[in-house]
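Protein chains: 2
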Amino acid sequence: MMKAVILIMDGLGDRPCKTLSGMTPLQIARKQLLDRLAVEGETGLVDVISPGLPNGSDTGHLAILGYNPFDNYPGRGPFEALGAGIDLRSGDVAFRCNFATVGPDGVIVDRRAGRITSEESAALARDLSEMSLPDHPDVRIIFKPTVEHRGVLVLRGSHLSPRVADTDPHQEGARVIEPNPMDSTEEARTTSEILITFLRKASQVLANHEINRKRIGSGLPPANHLILRGAGQFRALQPIQQRFGVGCAVVAGGALYRGVCRAAGFDVMDVAGATGTYDTDLGAKVQAVMSAVKSYDLVLLHVKATDTASHDRNPARKKEMIERVSQSLGPLYELAGSGEIYIAVTGDHTTPSEIGEHRGDPVPILIWGPDVRRDCVERFDEVSCSRGGLHRIRGVDIMPIISNYLGKMEMYGE
Amino acid sequence: MMKAVILIMDGLGDRPCKTLSGMTPLQIARKQLLDRLAVEGETGLVDVISPGLPNGSDTGHLAILGYNPFDNYPGRGPFEALGAGIDLRSGDVAFRCNFATVGPDGVIVDRRAGRITSEESAALARDLSEMSLPDHPDVRIIFKPTVEHRGVLVLRGSHLSPRVADTDPHQEGARVIEPNPMDSTEEARTTSEILITFLRKASQVLANHEINRKRIGSGLPPANHLILRGAGQFRALQPIQQRFGVGCAVVAGGALYRGVCRAAGFDVMDVAGATGTYDTDLGAKVQAVMSAVKSYDLVLLHVKATDTASHDRNPARKKEMIERVSQSLGPLYELAGSGEIYIAVTGDHTTPSEIGEHRGDPVPILIWGPDVRRDCVERFDEVSCSRGGLHRIRGVDIMPIISNYLGKMEMYGE
Numbered sequence: 026m027m028k029a030v031i032l033i034m035d036g037l038g039d040r041p042c043k044t045l046s047g048m049t050p051l052q053i054a055r056k057q058l059l060d061r062l063a064v065e066g067e068t069g070l071v072d073v074i075s076p077g078l079p080n081g082s083d084t085g086h087l088a089i090l091g092y093n094p095f096d097n098y099p100g101r102g103p104f105e106a107l108g109a110g111i112d113l114r115s116g117d118v119a120f121r122c123n124f125a126t127v128g129p130d131g132v133i134v135d136r137r138a139g140r141i142t143s144e145e146s147a148a149l150a151r152d153l154s155e156m157s158l159p160d161h162p163d164v165r166i167i168f169k170p171t172v173e174h175r176g177v178l179v180l181r182g183s184h185l186s187p188r189v190a191d192t193d194p195h196q197e198g199a200r201v202i203e204p205n206p207m208d209s210t211e212e213a214r215t216t217s218e219i220l221i222t223f224l225r226k227a228s229q230v231l232a233n234h235e236i237n238r239k240r241i242g243s244g245l246p247p248a249n250h251l252i253l254r255g256a257g258q259f260r261a262l263q264p265i266q267q268r269f270g271v272g273c274a275v276v277a278g279g280a281l282y283r284g285v286c287r288a289a290g291f292d293v294m295d296v297a298g299a300t301g302t303y304d305t306d307l308g309a310k311v312q313a314v315m316s317a318v319k320s321y322d323l324v325l326l327h328v329k330a331t332d333t334a335s336h337d338r339n340p341a342r343k344k345e346m347i348e349r350v351s352q353s354l355g356p357l358y359e360l361a362g363s364g365e366i367y368i369a370v371t372g373d374h375t376t377p378s379e380i381g382e383h384r385g386d387p388v389p390i391l392i393w394g395p396d397v398r399r400d401c402v403e404r405f406d407e408v409s410c411s412r413g414g415l416h417r418i419r420g421v422d423i424m425p426i427i428s429n430y431l432g433k434m435e436m437y438g439e
Numbered sequence: 026m027m028k029a030v031i032l033i034m035d036g037l038g039d040r041p042c043k044t045l046s047g048m049t050p051l052q053i054a055r056k057q058l059l060d061r062l063a064v065e066g067e068t069g070l071v072d073v074i075s076p077g078l079p080n081g082s083d084t085g086h087l088a089i090l091g092y093n094p095f096d097n098y099p100g101r102g103p104f105e106a107l108g109a110g111i112d113l114r115s116g117d118v119a120f121r122c123n124f125a126t127v128g129p130d131g132v133i134v135d136r137r138a139g140r141i142t143s144e145e146s147a148a149l150a151r152d153l154s155e156m157s158l159p160d161h162p163d164v165r166i167i168f169k170p171t172v173e174h175r176g177v178l179v180l181r182g183s184h185l186s187p188r189v190a191d192t193d194p195h196q197e198g199a200r201v202i203e204p205n206p207m208d209s210t211e212e213a214r215t216t217s218e219i220l221i222t223f224l225r226k227a228s229q230v231l232a233n234h235e236i237n238r239k240r241i242g243s244g245l246p247p248a249n250h251l252i253l254r255g256a257g258q259f260r261a262l263q264p265i266q267q268r269f270g271v272g273c274a275v276v277a278g279g280a281l282y283r284g285v286c287r288a289a290g291f292d293v294m295d296v297a298g299a300t301g302t303y304d305t306d307l308g309a310k311v312q313a314v315m316s317a318v319k320s321y322d323l324v325l326l327h328v329k330a331t332d333t334a335s336h337d338r339n340p341a342r343k344k345e346m347i348e349r350v351s352q353s354l355g356p357l358y359e360l361a362g363s364g365e366i367y368i369a370v371t372g373d374h375t376t377p378s379e380i381g382e383h384r385g386d387p388v389p390i391l392i393w394g395p396d397v398r399r400d401c402v403e404r405f406d407e408v409s410c411s412r413g414g415l416h417r418i419r420g421v422d423i424m425p426i427i428s429n430y431l432g433k434m435e436m437y438g439e
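Protein chains in written order, with this note's numbering: chain A, 26 to 439; chain B, 26 to 439.
If you are wondering where the hints come from, they were derived from the structure by calculation, not from laboratory data.
Careful: at least some of the hints might be erroneous.
With a cut-off of at most 16 Å between alpha-carbon atoms, the simulated EDC-like pairs for lysine to aspartate or glutamate come out as follows [what the hints assert, rightly or not]: (1) A:K319 x A:E365; (2) B:K239 x B:E365; (3) A:K43 x B:E365; (4) A:K226 x A:D160; (5) B:K433 x A:E365; (6) A:K433 x A:D422.
Build out the structure end to end from the sequences listed, making use of the hints.
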C-alpha cells in the first residue's frame, strides 16, 4: 500500500537576495537530500492560489489540502481555535485573542501584555472561559489560552455572525476598537452586543485578578484586556478522506496548521519539541512522521521557521533552516527507499526574505517516488524547478496529484 | 517606490515565415536590448484570452489590464469613443463609424469615401453632432470624427440597447444594412428607430453639404453616408487603481488603446508624434513614458505598427519595426538601471504576417527587474520564451504579477 509524506516549509519561496550574491536562500543552501529528491523526482512551480496573488498561511494551506479557499475560507479564527484543540461546531464564531495592557484612557500600552507566560495566561483564562452573560443565557463563551499572551475565543449559540470589527488596532498607542457590527443583520448586532458585554466583564475580572496584582507589584505590565481579531464562522469542510480517499495525519507545531488540517479531517499528532519556532525538534518531527505513515495514507509535515526567518528579514537564517530540514530528512528518505512512500516538498507561499512580507510569486515543488516521471531538474529551488516536468500548477492541484499516485482518486467517467 | 512599464507591441506574436528562412520576425530581428532584457529577466508565453482563441486588440488589452473580457467587454464602440475623448456615461451606446460613398441604389461604392481628409470630416461632423430628433427629444446624438474617414457615434438617453445590426456590410458593392433590432426588447426597437431616423437625416445633410459638392466637383467620391459597426453599451469598469492598487498612465497613438485604458481609469498622455502608424515617433513616446513613470506606478506603452505590418503581410517590415522599438528603449533601460523600475514586454495577440489576420497562438512575454527570478532564456521570441520561468500564463495574470512585484497586491488570508 503506497503512502505519501508532504513537507511544507512555510514561506519557502523567495527572490534573489543581495546578501546572498543574487541567489535565493534555496539556491544557495547546501541541501544534499532535497536536491537528491529533485534529481530523482519531478519538479515544478506552484501558484498557491493564483499567479501574483499573495496569500496567507491559512488560505495557502487550505488550497494545498485541495479546498478552493474562495469557497471554503472561514477567516483565521476558526482554524486557530481548532488548532488550540477546541471542538468547533457549525455556526460557532471564533477569534484570535491577545492579552494586552490597556491604559485607563483605552489606549494600548502593550499588545502582548509584556509577553506574559503561558502559566499566567492559563490562570487568567480559568476565570474568563464559560463566563455567563445574563442577557444572552443561550450563548456559551469558550476561551482557551495557547502560547504566552495568545488565545482563542469562541462564541457558541444560534444566530451569531463573524461580521464584527477587530478590536485589535494592530498597533500600540492606538485605542482599542469597539467590536461594532460590520453589516446591518440582526446576527451581527447581537454578536457585537455579546462581545461588548463579555469584554467589559472580562476587563473587570482581569483588573482585579491576583496574577495582575502580582505583575503590577513586580513592575510588569498587567494583562488587563483581551483584544480580538480574525473573526470567522466555522462550517465543516468536506473531510479529506471523502474528498481524496486518503486518511491523513499532520505533524506541526503551530496552532494554525494543526487547525486547518483538523478542519479538513486530519488527525493531529502531538510531538514533544515541535514548537513552530527556530528551536523546533526536527528529528522528533521526522520520527513522528515515520511512525504516523504506518497508520495513515498521507502525513503532512509542517515547518514554520523558514517563514519566521523570512519575516525577520534574515536570508542567511532561512538558508540555514532549509539546510537543517534537508539534513533531518535522512531517516525518512531511507525508509522511503523501500519504494512504498512518495515524498512531496513545497511551500505555502513566497516570503522574500529581503522584504519580510508575503508575496504572490510561485513556490517550487518536488514530488519523489518509485514511479514518478523523473525530469531533468537537478536542484530544488525556485529557478531550477521552473524547468520541471510538473510545469506551473495551482495549490489545489497538489492533493489530486498525490492522491492519484496513491491510486485513491476516483475515476471520472467510464 | 517601485514602478513598472509595460510595453505592448500590437500583434507581436507570429509564426515561422517562409520569406524569413522559417524564422518569425521576432526571431530574426536584431533587437539587442529586448534580448538583453530576456537574458536578465524572466520569460514565458501568454494566452491572451485562452489557448487557440484569436482575440481582437480590444479584448486582448482588456485581458492584459486584468479584466476578464467575458465579463467586461462592452463591444468596440465604447472604447473607440473613449479614445476619441468623449466622456461616456453608463448606458451610452457607442458605434465606430465610417464616412462612405453610397450610390443611389444603396450600394457601397467606397467604404472610406476616398479616404477624405480629417479636415473635411471635421467640417461634415459639425453638422451631424447634436442633431435633434423630434420623435426622441430625450436622446442626445454625439458624433466625433477621428482620423480621415473614421469617427464615433454615441447615443445618450435612457432605455437604449447595443443590440442593433451593423449597417456596415464590410465590403464594397454590397448594400448598406438597416440597423435592425437584434432582439425583441423595446430598447433594441427604440434604438433601431433612433438610428434609422438619424442616419436618414444625416444622409440628407451630407448630400447637400458644401464639402461634398466640392468633392464631386473635383471628381472625388462624396462622403454621403455614415456606416456604423461595433455597437456597445458603456458600463464603468472597476478602476485599475482599486483593482490592483496602482495608479496608471498610457502612452499610445491609437484611439482604441487610449480608450480601453481610459475605461480602466488610466490617465492618457498626449505625445506629439505618437500616431499609431509606421511613422510614430518612438523616441518621443519613450521620453513620455520616462516622464510619466515619475508620477505613476505603472505606465503602459503601446506600439501599433508591428500589427499594421502583420496585416499588410509584410514580415520584413514587422522585423524592422521590432528593431526600431528595441533601439528606442535605450534611455528607458538606462533609467531602469537605478533598480526602481520593472519592464514587461509582450503583445496583445498573434498576427502571423504571412496570413495577415489575428490568430490564437500565444504571445511571448518578458519581465525584467531588480529581483525577478532570472531564467535561462537568452532571446525574446516565441520559441525561446516557451522555455521561460513564467511558463504559460493568461493575459489576466499579467497585472496581478506586475502589481505583486510593485508590492501593491492585497494579501488574501492571514
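Cross-check of the supplied hints:
A hinted pair counts as satisfied when its Cα atoms are at most 16 Å apart, and K319 (chain A) with E365 (chain A) qualifies at roughly 11 Å. Simply put, K239 (chain B) and E365 (chain B) have alpha-carbon atoms about 57 Å apart, too far for the 16 Å limit, and the pair is violated. Of the supplied pair hints, the one linking K43 (chain A) and E365 (chain B) holds, its CA atoms being roughly 15 Å apart against a limit of 16 Å. Our distance criterion of 16 Å between C-alpha atoms is met by K226 (chain A) and D160 (chain A), whose separation comes to about 13 Å.
With a C-alpha separation of about 45 Å, the suggested pairing of K433 (chain B) with E365 (chain A) is violated against the 16 Å cut-off. Distance check on the hinted pair: K433 (chain A) and D422 (chain A) sit about 15 Å apart at the alpha-carbon level, within 16 Å; holds.
Violated hints for the displayed structure, listed by number in ascending order: 2 and 5.
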